Amino acid sequence: MSATQETPAQIPVTVLTGYLGAGKTTLLNRILTENHGQRYAVIVNEFGEVGIDNDLLVESDEEIFEMNNGCICCTVRGDLIRTVQNLMKRKGAFDAIIVETTGVADPAPVAQTFFMDDDVRAAAKLDAVVAVVDARHVLQRLEDTQEAEDQVAFADVILINKTDLVSADELRSVEARIRSINPYAVLHHSERCGVDIAKVLDRGAFDLDRILSLDPHFLEHGHHAHECSPDCDHDHDSHDHGCGPSCDHEHGHCEAEKHDHGDVNLEHEDRHSVKSISLTAGDLDPEMFFPWINQVTQIQGPNILRMKGILAFKDDPQRYVIQGVHMIVEGDHQRDWKNDEPRESRLVFIGRDLNWDVLKANFKACAAE
Amino acid sequence: MPIVAPMDVDGFVVRAGFLGDAAYVATGEGAIHFVAVGETHLAPHKNGLLAAELSTDGTSLITSGDDGAIYASSPDGSSELLAERPRKWIDLIACGPNGAVAFASGRTAWVRLSDGREKEFAHDRAVGGIAFAPKGLRLAVSRYDGATLWWAGTEGKPVNLTWKGAHLGTSFSPDGKYLVTAMQENALHGWRLSDSQDMRMTGYPAKVKSFSWSVKGKYLATSGANAAIVWPFFGKTGPMGQTPLQLGTRSDVLVTAVACHPKEEVVALGYQDGMVMMSRFEDNAEVLLRRPGGHPITSLGWDNAGLRLAFGSEKNEAGIISLQDG
Numbered sequence: 001m002s003a004t005q006e007t008p009a010q011i012p013v014t015v016l017t018g019y020l021g022a023g024k025t026t027l028l029n030r031i032l033t034e035n036h037g038q039r040y041a042v043i044v045n046e047f048g049e050v051g052i053d054n055d056l057l058v059e060s061d062e063e064i065f066e067m068n069n070g071c072i073c074c075t076v077r078g079d080l081i082r083t084v085q086n087l088m089k090r091k092g093a094f095d096a097i098i099v100e101t102t103g104v105a106d107p108a109p110v111a112q113t114f115f116m117d118d119d120v121r122a123a124a125k126l127d128a129v130v131a132v133v134d135a136r137h138v139l140q141r142l143e144d145t146q147e148a149e150d151q152v153a154f155a156d157v158i159l160i161n162k163t164d165l166v167s168a169d170e171l172r173s174v175e176a177r178i179r180s181i182n183p184y185a186v187l188h189h190s191e192r193c194g195v196d197i198a199k200v201l202d203r204g205a206f207d208l209d210r211i212l213s214l215d216p217h218f219l220e221h222g223h224h225a226h227e228c229s230p231d232c233d234h235d236h237d238s239h240d241h242g243c244g245p246s247c248d249h250e251h252g253h254c255e256a257e258k259h260d261h262g263d264v265n266l267e268h269e270d271r272h273s274v275k276s277i278s279l280t281a282g283d284l285d286p287e288m289f290f291p292w293i294n295q296v297t298q299i300q301g302p303n304i305l306r307m308k309g310i311l312a313f314k315d316d317p318q319r320y321v322i323q324g325v326h327m328i329v330e331g332d333h334q335r336d337w338k339n340d341e342p343r344e345s346r347l348v349f350i351g352r353d354l355n356w357d358v359l360k361a362n363f364k365a366c367a368a369e
Numbered sequence: 001m002p003i004v005a006p007m008d009v010d011g012f013v014v015r016a017g018f019l020g021d022a023a024y025v026a027t028g029e030g031a032i033h034f035v036a037v038g039e040t041h042l043a044p045h046k047n048g049l050l051a052a053e054l055s056t057d058g059t060s061l062i063t064s065g066d067d068g069a070i071y072a073s074s075p076d077g078s079s080e081l082l083a084e085r086p087r088k089w090i091d092l093i094a095c096g097p098n099g100a101v102a103f104a105s106g107r108t109a110w111v112r113l114s115d116g117r118e119k120e121f122a123h124d125r126a127v128g129g130i131a132f133a134p135k136g137l138r139l140a141v142s143r144y145d146g147a148t149l150w151w152a153g154t155e156g157k158p159v160n161l162t163w164k165g166a167h168l169g170t171s172f173s174p175d176g177k178y179l180v181t182a183m184q185e186n187a188l189h190g191w192r193l194s195d196s197q198d199m200r201m202t203g204y205p206a207k208v209k210s211f212s213w214s215v216k217g218k219y220l221a222t223s224g225a226n227a228a229i230v231w232p233f234f235g236k237t238g239p240m241g242q243t244p245l246q247l248g249t250r251s252d253v254l255v256t257a258v259a260c261h262p263k264e265e266v267v268a269l270g271y272q273d274g275m276v277m278m279s280r281f282e283d284n285a286e287v288l289l290r291r292p293g294g295h296p297i298t299s300l301g302w303d304n305a306g307l308r309l310a311f312g313s314e315k316n317e318a319g320i321i322s323l324q325d326g
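Line by line, the protein sequences are chains Y and P. Here our numbering is used: the first residue of the first sequence is 1, the next is one more, and so on. Here our numbering is used: the first residue of the second sequence is 1, the next is one more, and so on.
Because the hints were derived from the structure by calculation, they are not lab data. Keep in mind the model is a prediction, meaning the values are calculated, not measured. C-beta: ideal position from N, C-alpha, C; glycine also. One or more hints might be untrue.
[As the list claims (entries may be wrong)] Here are some of the chain Y residues that sit facing chain P, going by a computed Cβ distance under 7 angstroms:
1. G21
2. V58
3. E62
4. E63
5. F65
6. N68
7. N86
8. K89
9. R90
Kindly generate the complete structure, drawing on both the sequences and the hints.
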């Protein structure tokens, strides 16, 4: 039916995360059965309850590949690389790809696959990470598991599902808690995942265009006891980088980013370690900014879950967009600054144990003279 | 001047080559075209086709698809179902001696012997590639952190070859002395099988997706750079300490497919921009076979005489290039 239509160069990919029982499968079934005129190829972890017989539904066992490049965060999903390559042999048969992850999956390797593998990058682009959370259980999940927190932190769109099972007060506290982890995601409420599919799919969240229009409430920052990053569970045997906080000792050049333990507040136990930071400045000096951002992501990469920004460089008429997952940073010129647009640089980090003051001071130091 | 005869195909060409006198093209949409004096079009798979290999005796084209089926198809229009794994995407095939066919999906590889018996080989991690040794029913399975050599016909103990990282496509040298794998990290790895000596072949700007052994197995030509990288495999130490030949170098266009000539030390190269060329090892002499301006070449295959070359690209392009007039 769309045989004459040119397929877009890069197929958009939506990653669906969410804890067991949150409603991912319900949402998936809705996406697959509703008449929205889009054809989706769906990569699921298990056929399980997806009751749809669709020839573009593929089961894929999670295969984490560590890259032999000494970067402990540089893991990709080998099974996704393989499946995307296989899907590209039938490029005309679908318009978009949905990847469903397991309830306990770390979303980072999934996202990193779309940045790190050249073939996948050429074929597909990450459109958005969508997290489905269960309004009744999410607070407990966030207490119990780091994966649940990672999923919320990583998301561009968060669907708070099963809202009919909680009171208005409970819902407000759920929302506040989610906002405290990730103030930049778009939130939707739903019962039985009854949300307008267009609000979930084809968001272009990784295009970063939304960032400037957001006005996140700045969070009170505080220092927390170091918690291991998600990657610290992995083997580190052959890599020379240790996990984030401890790697201060190994790198002579990272004084500026050293964690200041002087004001760590250990008196009340706070397990909610993920925070976000938004930094703003005017024009930046690229000669200062790039070495700094490379250093930050190399040293603090394990603690950085997501990083996004839109930057104005001195004497550069174009907006520069930058984004990252752990140690991976990707940036490119996007378009000219509009006349009525303030030339403002803005950089957002979502992560654990990030030193707000040091990041802020160092970002300011990148301002053009 | 070579003559290009285009073929009418839709979609992504998974494999193009010759089965005897007939040219064949298998596409991701599921079509198999045979072109000889007449044309035969088949579509045995329910949906898409993911992999295709010529049977070792050269009488049929073995294909696998996302319907979990493996078929043997011939230019006479017949298709025989060899094996089936419902709901699995079978994306790897290898053909071995005596009609053996190996196939894989996810972490499992299977061998179907000519009498219909099947053997299963399970692995802890995903299978990246499969290949039969030139002699004996020995199957190499490349996987995460190395490769495993299985005996497909007997109960012999498997041999594990270890090298950290994800190993994808794999191939035995025609003399059976070496096993080579393409890695996730833009490199080739190899083992000398007599002593499991490791060989690293690095420096590629892109992943190696196509490799082809030259006549008598003296060289291995590979894609993944802006030239065909051709490693010497003669002498006692093979490519160790050797510099590869670089043939058909272009400034910034990657080679995406290679096919060594069946009789001469010549390689056919397909590029990212649809160009096809051949180049001679001895003196780098080049002959343009197809002009640039198309989609990336995905597959190249010579006929037995080395006079015709079939090609296919990522999108709606395939054809036969004849080196001789008329």
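Original post:
Holds or violated: is there a CB of chain P closer than 7 angstroms to the CB of K89 of chain Y?
Top reply: 3 angstroms, holds
Subject >> Hint status (Cβ of N86 of chain Y to nearest Cβ of chain P, threshold 7 angstroms) >> reply: With a minimum Cβ separation of about 5 angstroms from chain P (threshold 7 angstroms), the hint on N86 of chain Y holds.
**OP:** Using 7 angstroms as the Cβ threshold, decide whether V58 of chain Y counts as touching chain P.
**Re:** At about 6 angstroms, which falls below the 7 angstroms cut-off, the nearest Cβ of chain P leaves the hint on V58 of chain Y intact, so it holds.
**OP:** Against chain P, run the beta carbon of G21 of chain Y and see if the smallest gap drops under 7 angstroms.
**Re:** 25 angstroms, violated
Original post:
Close enough to count: is the Cβ of E62 of chain Y nearer than 7 angstroms to one in chain P?
Top reply: 10 angstroms, violated
Original post:
Would the stated hint for E63 of chain Y survive a check requiring a Cβ distance to chain P of less than 7 angstroms?
Top reply: 5 angstroms, holds
Original post:
Quick one, is the F65 of chain Y hint okay against chain P at 7 angstroms, beta carbons?
Top reply: 5 angstroms, holds
Original post:
Measuring from the C-beta of N68 of chain Y to each C-beta in chain P, is the shortest one below 7 angstroms?
Top reply: 5 angstroms, holds
Subject >> Interface hint for R90 of chain Y, Cβ within 7 angstroms of any Cβ on chain P >> reply: 4 angstroms, holds
When each numbered hint is compared with the structure, violations occur for hints 1 and 3.
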